[in-house]
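If you want the building blocks of each chain, they are given just below.
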Amino acid sequence: MSKLYTFLKYFFITFWTVFVVAPFLWAVSTSFKDFQSVNSKVTYIPWLDFEPTLEGWRVLIKSPAKGGVDIVEPYFNSIFVTCTASLISIVLGTLAAYALSRFTFKAGFVRNNDITFFFISQRIMPPIVLSIPFFIFLSTIGLLDSLLGLVVVYIVLLMPIAVWIMVDFFNRVPKELDETALIDGCNPYQAFYKVVLPNSIPGLIVAGMFCIIFGWIDFFFAFILTFTEVQLLPVKVVALNSSITPWWSLSASALVSVAPLIIVAFIVERYLSKGNLSGALK
Amino acid sequence: MNLIGEKISYKPDEQFHLNDVSFNFKKGNLYTILGRTLSGKTTLLKTIAGLLNPDQGSISFEEKDFIKIPVWERNVAMVYQQFINYPHLNVYQNITFPLEQRKLSPEQIKKDVDEALKTVGLVGFENRKIQELSGGQQQRVALARSLAKKAKILLLDEPLVNLDYKLREQLREEFKRIFSEGLSQDTILIYSTTDPQEVMELNGEVIVLDEGKVLQKGPAKEIFENPSNLKVAEISNDPPMNVLKGSKNSKNLNFENISLEIPNHFKNLEDRDYNFGIRASEIKLDENGEEFEIELAEISGSETLLHLKRGNSKIIALIEEVMNFKIHEKVKINFNANKFYAFGEDEKLVSSPYGGTNG
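If you read the sequences in order, they're chains A and B.
The C-terminal position of the first sequence is numbered 282 in the numbering used here, with every residue numbered one higher than the one before it.
The C-terminal position of the second sequence is numbered 359 in the numbering used here, with every residue numbered one higher than the one before it.
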């Protein structure tokens, strides 16, 4: 029984790994092909099956005037928008979450849970519902087709995630920990940043990771709210697809756009397993 | 110069958490707050610490209005029943935290921390992480942090309740030593617990709290010998004092068709109905005694707790040896009549074997 279990376990892990990794390998392989090797017949192995070329990659950094597509600027635009929006969302979201977790709010019939739900409800709506209001809003304040406008919109999208994760996290940090900090001579602000925050690093990392992922992969708002001045990476990658699909540069750009998330995942994974709160309570 | 609370009430919802509580705590003394869970012990301690503001009443300390001083300026220390330490700091940093917060000199901090570590027996553990310590050690760290602060008011909220039996016994012994050595004459120590045995061992002034109300105040011995009413008798004994509804006439004490000779201290008692109280330890197995039915027999350590029934009365007897009984078996027991308490039908103490009466 246990042998069968071990066999099945490894079988499925292997199967799943192949399932996940295969498209990446395919993309890596394709990114080094040229028109001929993509369209004539199925080819797998460089040098044997086809002659590898760096053309697919070169196109990405060449300016359009020279027949390239230049994803460098959109790339840095995406990094800037994602990081700025994530950072602001995390800072504001953490403060909001701490307040929601520790203080009791009463405004008419509105209580803490209602406010938390209000934050989450921002993500319940299909994005298309928000697109027109956002469009009108940004054009009114003159931020359409600008990085700042995108940052504002992304904060709206990302902060609910940060609040949601952090409320849940703070609710699991014993209230007595803050109280002990107060008794030990911290004022409420010191208690927050000297005691609560250092013990919330795992939560902050999870929230930050989700913000970065959701910010980075957003196509819809980047597509609707930008035209020519500013472009984000996902839009640029999709725009590669014209009358002839350039599979080689499409693969290459897909790979470079996934790369930051993979790096983030590797860094974050270490911290996630490390941090826990077991010492605070029992 | 005392910590004085007057008519403190706290009612955050339907129920009173504190109901008209007054106290006068003197420096250099140990006070224990005895009460069952949810009796308002923690609320009272948190109110003194400043974590809660009472709806009514006043607290003053050293002639200052304590309620106007925020928690972080009150110079109190508190140990929780959960082992609360700062998980991101090691043992040493945990203890220095409040001292650094007060910006003491590094030499002073080192001296105070070393002293506190020595008192709680954690020398050599300075660089350990909190998560690596056992529950008892974590609670020692919390206590060391409180001692190192040299706070004028030290609050301990059921500090032993989450420890296992053996550690509890051990730490309780140490607490007695720590309280007598490690505290200055300036300190007011307030210790809350559900365990009557702890109260008796610590032997301080006791406040018995129930449903937010003070039932009785006095030295531990007085509470034990002369509980002012049935509730106190119940709370201040473990197992709770047995109550038998019965009556006294000119010849006998009668309850559940049992007649006992009138003990000396009941001689002057009026002939009428009473609630008789008797401690579990004053009931013995006796061949010539009265017959009771066993409902449950629990063995705890070297003792056996017998839950007995006769008629409408249920009592608990504490037998000081390990014995096996069958449920529904009949046993014969004898009451030590000299240790009977008499409570009136209003549940107030009328007569106690130690001579106390209520009024």
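There may be inaccurate statements among the hints.
Coverage of chain A stretches by chain B, computed from C-beta distances (three or more under 8 Å per stretch; other residues unrestricted) [unchecked claim]:
1) 58 to 70
2) 106 to 113
3) 192 to 203
Calculated from the model, a selection of chain A residues having no Cβ within reach of chain B, i.e. all distances over 10 Å [said to hold, decoys possible]:
4) Tyr5
5) Ser40
6) Phe117
7) Trp164
8) Thr228
9) Asn241
10) Val264
Derived from the structure by calculation, the hints contain no laboratory data.
Idealized CB from N, CA, C, for every residue including glycine.
Hint check:
For the segment 58 to 70 of chain A, the assignment as covered by chain B is violated, since 0 residues bring a beta-carbon within under 8 Å of that chain's beta-carbons and 3 are needed. Coverage of the segment 106 to 113 of chain A by chain B is violated [criterion: at least 3 residues with CB-CB distance below 8 Å; count 0]. Against chain B, the segment 192 to 203 of chain A contributes 3 residues with a C-beta closer than 8 Å to a partner C-beta. That satisfies the three-residue criterion, and the hint holds. With a least CB separation of 32 Å from chain B, Tyr5/A remains clear of the 10 Å interface cut-off, as annotated.
The claim that Ser40/A is not at the interface with chain B holds, since no C-beta of that chain comes within 10 Å of its own (minimum 61 Å). With a least CB separation of 23 Å from chain B, Phe117/A remains clear of the 10 Å interface cut-off, as annotated. For Trp164/A, the requirement that its beta carbon stay farther than 10 Å from each beta carbon of chain B is met, with the minimum near 23 Å. No Cβ of chain B approaches the Cβ of Thr228/A within 10 Å, the least distance being about 49 Å, so the stated non-interface status holds.
Residue-level check passed: Asn241/A sits 49 Å from the nearest beta carbon of chain B, beyond 10 Å. With a least beta-carbon separation of about 23 Å from chain B, Val264/A lies farther than 10 Å from that chain, consistent with its non-interface assignment.
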